[in-house]
Structure formats: structure tokens, C-alpha cells
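Peer 1: Keeping their order, the protein sequence lines are chains A and B. For the first sequence, position 384 matches number 384 in our numbering, and the numbering has no gaps at all. For the second sequence, position 272 matches number 667 in our numbering, and the numbering has no gaps at all.
If you're looking for bench data, these hints aren't it; they were derived computationally from the structure. Any given hint could turn out to be false.
Calculated from the model, a selection of chain B residues having no Cβ within reach of chain A, i.e. all distances over 10 Å [to be verified]:
#1 Lys-402
#2 Val-440
#3 Ala-442
#4 Thr-447
#5 Lys-455
#6 Pro-472
#7 Phe-486
#8 Lys-514
#9 Ala-590
#10 Pro-656
#11 Glu-702
#12 Thr-713
#13 Pro-733
Below 27 Å or equal to it, Euclidean Cα-Cα: the simulated BS3-like pairs (lysine-lysine) are [said to hold, decoys possible]:
#14 B/Lys-407 <-> A/Lys-119
#15 B/Lys-407 <-> A/Lys-7
#16 B/Lys-407 <-> A/Lys-25
#17 A/Lys-262 <-> B/Lys-514
Which residues of chain A face chain B? A few of them, derived with a C-beta cut under 7 Å, are [what the hints assert, rightly or not]:
#18 Ile-2
#19 Thr-10
#20 Ser-14
#21 Ser-111
#22 Gly-281
By construction, the Cβ of each residue, glycine as well, lies at the ideal position given by its N, Cα and C atoms.
Protein chains: 2
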Amino acid sequence: MINEFYKEMTGKESVIRQFFDYSRKRAAELGSDSVLNFSIGNPSVPAPQALTDAMTDLLKTVDPVVLHGYSPTLGQPTTKKIIADSLNRRFGMNYTPEMIFPTSGAAGALSHALRAVTKPGDEVITFAPYFPEYIPYVTGTGAKLSVVPADLNGFQINFEKFEELLNPNVQAVLINSPNNPSGIVYTTETIDKLASILYKKQEEYGHEIFLITDEPYREIIFKGTDSPFVSAHYDNSIMCYSFSKSLSLPGERIGYLAVNPKAKDAEKIVPMCGQISRFTGHNCPSSIMQFAIERVIDMTADLSIYEKNADLLYNALTEIGYEIVKPNGTFYMFPKAPIDDANTFCWTAAKELGLIIVPGDSFACPGYVRISYCVPTETVERSIPLFKKLFEMFK
Amino acid sequence: MINEFYKEMTGKESVIRQFFDYSRKRAAELGSDSVLNFSIGNPSVPAPQALTDAMTDLLKTVDPVVLHGYSPTLGQPTTKKIIADSLNRRFGMNYTPEMIFPTSGAAGALSHALRAVTKPGDEVITFAPYFPEYIPYVTGTGAKLSVVPADLNGFQINFEKFEELLNPNVQAVLINSPNNPSGIVYTTETIDKLASILYKKQEEYGHEIFLITDEPYREIIFKGTDSPFVSAHYDNSIMCYSFSKSLSLPGERIGYLAVNPKAKDAEKIVPMCGQISRFTGHNCPSSIMQFAIERVIDMTADLSIYEKNADLLYNALTEIGYEIVKPNGTFYMFPKAPIDDANTFCWTAAKELGLIIVPGDSFACPGYVRISYCVPTETVERSIPLFKKLFEMFK
Chain A
1 MINEFYKEMT GKESVIRQFF DYSRKRAAEL GSDSVLNFSI GNPSVPAPQA LTDAMTDLLK
61 TVDPVVLHGY SPTLGQPTTK KIIADSLNRR FGMNYTPEMI FPTSGAAGAL SHALRAVTKP
121 GDEVITFAPY FPEYIPYVTG TGAKLSVVPA DLNGFQINFE KFEELLNPNV QAVLINSPNN
181 PSGIVYTTET IDKLASILYK KQEEYGHEIF LITDEPYREI IFKGTDSPFV SAHYDNSIMC
241 YSFSKSLSLP GERIGYLAVN PKAKDAEKIV PMCGQISRFT GHNCPSSIMQ FAIERVIDMT
301 ADLSIYEKNA DLLYNALTEI GYEIVKPNGT FYMFPKAPID DANTFCWTAA KELGLIIVPG
361 DSFACPGYVR ISYCVPTETV ERSIPLFKKL FEMFK
Chain B
396 MINEFYKEMT GKESVIRQFF DYSRKRAAEL GSDSVLNFSI GNPSVPAPQA LTDAMTDLLK
456 TVDPVVLHGY SPTLGQPTTK KIIADSLNRR FGMNYTPEMI FPTSGAAGAL SHALRAVTKP
516 GDEVITFAPY FPEYIPYVTG TGAKLSVVPA DLNGFQINFE KFEELLNPNV QAVLINSPNN
576 PSGIVYTTET IDKLASILYK KQEEYGHEIF LITDEPYREI IFKGTDSPFV SAHYDNSIMC
636 YSFSKSLSLP GERIGYLAVN PKAKDAEKIV PMCGQISRFT GHNCPSSIMQ FAIERVIDMT
696 ADLSIYEKNA DLLYNALTEI GYEIVKPNGT FYMFPKAPID DANTFCWTAA KELGLIIVPG
756 DSFACPGYVR ISYCVPTETV ERSIPLFKKL FEMFK
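Could you put the whole structure together from the sequences, leaning on the hints where they help?
Peer 2: Below you can see the structure in the form of C-alpha cells.
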């Protein structure tokens, strides 16, 4: 008999998906000019030419039996070393290759990290607004996800509510900075305060609390932003990374997790990930992608368009009257809707104006709206009169 | 705190791994000529040039934003169609693209298929000898794996024991033909008998029993072999495939599952797999690999060496005196050790002769030995005097 739990889920399309599907339907009916799609976080700039060149050269020069052969269970040793060296060089860390585990993007990294440091029945805390996929990532391990309400003033951390939620059953805390959907980077002050609470609570509870940091937007941080490397501030930490956004490679499913060498049982965690893979059917990411990453480790796609779009859109929208915490990273911003019901607001935008934005409810932040501006700047420019018209409809 | 279950597992290297590691250690100490390694199922022939050409051309001609962009959750539609068409053309089936779900190799396919048709607490039956990774694949879903003892006469199915084990808690049966480690293909007679028992038991128990077929060796079947396409013989079936062996791409993690269109709830299963991925952190396989597969769908690497090696080794070993069921597919054969304790036999072979073969115990077939002959023919030739010497040591 088919599994009822997963069967039931297929009926429930995510809200983001509903808006995305509407945009496709509208474009098919009325033409692609009738839609300005700000619903999806798919990078709009190409991967760097150096990546294409690296892959082409690997195909030309490396024995296919090696190039496409099984990776060792814990990842290509050369790739692991190059990742560790880059992190050490850039962030003053002391990763060894043994602390690096290549994964199928950040999703793979998170699902391994969570299984490594929780057991079924444990509790994991995250902070609103948060990426809705954290629910299946966490519940898939058998743990429970608890959510700290948003700090609506600046989308940092609501520490009062965090301390209220903390309890001895919490084995891990999951953060995402730069943040999807707010576009905000946690400051050094925020990270240090978070670390000091966790250190104190570890002592009080008599067990480790691991900090899992989801950092796919780490390379998309705007000029002048205070952007601490989180693992430098807290020992029991596992950093989850993806090259999806920095190199515009989301379909290639390549990322890694990096275990803080100072973490308790640090040397055990990557070998445990090799065991976890067997239970989830994950295995290593593509071998050619691991080899290719080695050659472009410190490069990115041309990410400058995201900051340009952010400035343009933020300035125009605040002038219209929208309330927005100014983003300092990613390619999202998260304005407050001018009415309480962001769902109605977004459906009106979609149906009346062809402006596709998504309500913040599924990010645990009702009343707010996510705008994904990983689109050509011209699309941002065309959207501004529509955002104005929309605002006026609800004034 | 780190997870005790996975931590405990890291101490327990698989037996295959122990032999493989010994072979590397010995080669490092005594030189690579001191080892003939028959322990690992890593294809020894290169991927076809057409695959290299396809990938090179994709990199040259396709917009990188498309080439490396997110796949739809249920896989690239064009890839799904090409896979379905190929299966229909070759095996007289009626797959639609909606029945195909691209995965990270057969491991990904099996972990999705198992989750789709079982729930925690259910029972899955497989047949010895079997691939030891079935244990984590099945237990990772929360189900229990039961194993039917081997039919030692021909490595078909021990139906008497199968019927004894069947009970209403069994929701899925998992088979692997062509089989790792026996090298045997299930005959039409075997498949039809299996199907008729399952049809009868479905009626008796009042629920479906899904047949999950693990077929990574489907393209490595020797001349003249009766090799039925299993899903043509049983409606409630899900076929799990990998391009790892047929195209020599094990590191690229590309495969698929194909839901029999006649299965109960067939149209629900692929959408359910899209949900399952969210809980395991799997997502789609690499996008460039999906596009590349489209262009080489009916090709294989030059697999003829495997049959050549099989003939050479089978003839030589039986002449020496080994008892072997003649393989008719894969690149494995599974002789009986001349003593009861295959573990001692294999360690003697490794340490005295540098001949690396693995005991059948972990395939649930004690007293037998797996030889992986995906090696150059010259290696097979050099091994024959050593197999003779080994046999004489235990005569």
C-alpha cells in the first residue's frame, strides 16, 4: 500500500509554488510580458566562464574512469582539502580536510548535520522568518522544529522569546544568515549574544547544543555589512554551504558541510555523515562537480546585479511608502504589506497586476511579503510603477 | 550531543571495505604488482565517448542558467520522456514521463521507492544472496528487512522458504536481477512464479504487495540469457535503475525509478517521491547529467570485457575444481569456498597471495566468495595460477 503520509502531502502545494504556477499560467494565457515574476530564488546570472572551462577541460583531459568513478564515501580528498584551505584562508579557521563532507547542496548538508547531532524526539530551534523547507528537513530526522517569533524591528534575533523556548530537550539551533526571506545578515553582536546564551545553556543542561548554520547566501553580502563567520564565534557548530547561489549552479546539487574542529566529537561527525548517507540513499554529490569546484573555489558568478537591484528596489519602494528593513545580503527583501492579510495582498498583486510576490506566512511572518529580485534590472525597473499602483489600492 | 546510533556504526567497517583497505595497504607496502584486486564493483571500462561529447557540447551550447538551473522537483521533463520512450521501445511497456523520477543513482531510487510503498513498522522481504546496503536502505525507512535463504542450486528463488516468510505485514518485496553477488539473472519461470505468489497473497491479505526491482546491471546480461523485463510480469512494481554500470558513471549519481503504469495509485507515486526528497535532503540528480543522459539513452560503455572475463574465469576455476553457478550477467561470480569458513579462505587469499576476494557472509550466503571481475582481462589471466594455488592450500 502506498504511504499515506506522503500521499496526503502531494495534495498540498506550497504557497510559493501556487504563485509560481499562477505566473506560468498567466504568461501562457496573456504573454510573458504580462508577468513580472519575483517568486523564485533561482539565480539569474550565469555561472562563471571559468567553471564552464574547468568542466570542459576535465572532460578533455581526465581519464573518464577516474572522472566519473565512485567518490570515496566521505568525498574526494582533493576537493575536501581545497575547501578547507579556502575557508581557513578567508575566515581564519583551522579546518582540516577531515572536517569537510561534500553534499548534494545545502539540503543534503542540513539533512546530514541534523541527523548527526539529534536523535528522534529531540527539539531543534530556528528563528522566524525562516525557509519553510526546514520543516521537512527537521521532521525527517524524527526531531521537532520549534520557531522563535521574528524580531520585526530588524530581523535579528528575538532573544527574549528564544530564552523562553530553550529547554533541555533542545539539541540543536538552526540559523540562516544571510537570511531567506529577510535579506538580513546577523551582526557580530547578535552572533556573540547567541553564542553566550548557548554556552550558558550547555553548562546548565549538561549537554552540547549544536549550532547548525545554513549559509548558501554567504557570498551575497552587500558592501559595508558586518558579516561575522559564525563558526569562529561558537565551538559546537556545523556550517552548511551550497555553491548554488555563489556560482549559479542550483541544479548541480553541490555543497558541503564543515564541522568546527573545536566541536565536541568533531572528528567523529564526518564519518557519521558517511553512515547517514546509507540510510537516506544520498551518497556523494556528482564527481565531476566535486573536481570542477576545486578549480573555481574562490570565484563567484557576477553577483553585483543583486546589490544593484536591492538598492533600486529598496529606494523606490520606501519612497512609495512601503515599510522595509533594508536588506544587506541575498537577493530577497521582505517588506511589510500595507494590510494585515499578506495573502490577499499578494493575490491581488498577481491577478490585477501580474506582479508575482509571495506572502510571508509560510516563512512564519504573517503580514510580510517576500520579493525575490534575482531578475534582470530591467524587470525591477518595470515593476516599480506596479508596486506603486498596488500600494495605492490598499491605502 | 552527537547521535549514538550513527556514531556506533562508524566503528564497524564493512567486510568488503576491510578487504579493499587491506589491498591498498599491501599495494603501498609491496608494490601494486603484489595485489590482484577483485573486491570492488567499480566499472573498469570508460564511459562512451558520446557521453563526453554530449557533456562538452552542452557546456558549449546551452545557456548556463538553464544548464545548471534547478530541475523541476519531479525531474527534467525532457529527460523523463526520453527515458520512458526508451523503456517502451525496448521492453514493450507503456510508461509515460509522469511515471519516471530521476534520482541519485539506484541508491536514491531505492530509498524513494521503499518510502513510497511502506510505512514504519512494515516488513520488506528480499532474497539471499543480496547486496548488504539493502539493510540501511530498508531500515532507514523504519521498515524491517526479512531475508529468504538462498537457493544454492542455481541462485534463483527458494520459493518454499519465501512462502513461509510471507505474512500480512509484508508490503514490499525487493529483488536484484541480474544479481550482485551471484551474477545470476532470474528466469521468466522464476519471475512468473514470484508474480503468481504475490498476486495470490495480495488477494489473501487484502492489500497490495509492491515488487521493487533493483536493476543497475540490466545492460550487463550475457548472450543467450533468458532475461525477462520484470515489470512486464507484475503490475504493482517499481523499477530502480542506475546508469552507473551501463555507462560507467558511478560517481555521477544518476539513475531513475519507473513506476509501472498498471500499479495501484501509479499516478500518485512520482509526486510522492517529490515529497519524500524533502525529508531526506535528496533533491534531483545533477542537471547536466540529466541533460547528458538524454543524448546517450540507448548507449552503453563497451561492456563486452565483462562477458569475456566471466568465460575465462569460470572455465579456469571450474577446471581447478571450484564449484560455481555460471554467471549470466553483471561482473560478479560467486563460487563456493572449498572450506566452510569463507572468511578464513578470503583472508588467506589476501595475505598469502595478494588475491583480494570477499566472503559471502555479508551477502547472507556464508561459505561462498564474491569475485568482482570488472578488471582488465590481463588481471584475470594473472589470477588463475593464484586461484589454483589457493585451492590446493585447502584441498
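Peer 1: Now, for every hint given, state plainly whether the structure supports it.
Peer 2: The hints, checked one at a time:
1. The Cβ of B/Lys-402 sits about 6 Å from the closest Cβ of chain A, inside the 10 Å cut-off, so the non-interface label is violated.
2. Consistency note on B/Val-440: stated as away from chain A, yet its beta-carbon is not over 10 Å from all of that chain's, at 8 Å minimum.
3. Interface exclusion of B/Ala-442 from chain A breaks down, the closest Cβ pair being 4 Å apart, not more than 10 Å.
4. Against chain A, the non-interface label of B/Thr-447 is violated: not every CB pair exceeds 10 Å, the least being about 5 Å.
5. Its closest Cβ contact with chain A, about 7 Å, brings B/Lys-455 to no more than 10 Å, contrary to its assignment away from the interface.
6. The Cβ of B/Pro-472 lies farther than 10 Å from every Cβ of chain A, with a closest approach of about 13 Å, so its non-interface assignment holds.
7. B/Phe-486, annotated as away from the interface, keeps every beta carbon of chain A farther than 10 Å; the closest lies near 24 Å.
8. Annotated as non-interface, B/Lys-514 brings its C-beta within 10 Å of a C-beta of chain A; the closest such distance is 5 Å.
9. Remark: the non-interface label on B/Ala-590 is consistent with the geometry, its nearest Cβ contact in chain A lying 18 Å away (cut-off 10 Å).
10. At roughly 15 Å, the least C-beta separation between B/Pro-656 and chain A is larger than 10 Å, which holds for a residue marked as non-interface.
11. No beta-carbon of chain A is positioned within 10 Å of the beta-carbon of B/Glu-702; the least distance is around 19 Å.
12. At roughly 30 Å from the closest C-beta of chain A, the C-beta of B/Thr-713 stays outside 10 Å, upholding its exclusion from the interface.
13. B/Pro-733, annotated as away from the interface, keeps every beta carbon of chain A farther than 10 Å; the closest lies near 32 Å.
14. Simply put, B/Lys-407 and A/Lys-119 have alpha-carbon atoms about 20 Å apart, close enough for the 27 Å limit, and the pair holds.
15. Between B/Lys-407 and A/Lys-7 the alpha-carbon distance is near 36 Å, which puts this suggested pair outside the 27 Å criterion.
16. Among the hinted pairs, B/Lys-407 with A/Lys-25 is inconsistent with the structure: their alpha-carbon atoms are about 53 Å apart, more than 27 Å.
17. Between A/Lys-262 and B/Lys-514 the alpha-carbon distance is near 39 Å, which puts this suggested pair outside the 27 Å criterion.
18. Here the hint on A/Ile-2 is kept, as its CB sits about 5 Å from the closest CB of chain B, short of 7 Å.
19. Here the hint on A/Thr-10 is kept, as its CB sits about 4 Å from the closest CB of chain B, short of 7 Å.
20. For A/Ser-14, the suggested interface contact is broken, since its CB lies about 10 Å from the closest CB of chain B, more than 7 Å.
21. At its closest, the beta carbon of A/Ser-111 sits 3 Å from a beta carbon of chain B; the interface hint therefore holds under the 7 Å criterion.
22. For A/Gly-281, the interface hint holds, the least distance from its beta-carbon to any beta-carbon of chain B being 3 Å, beneath 7 Å.
Checked against the numbered hints above, the structure violates hints 1, 2, 3, 4, 5, 8, 15, 16, 17, 20; every other hint is satisfied.
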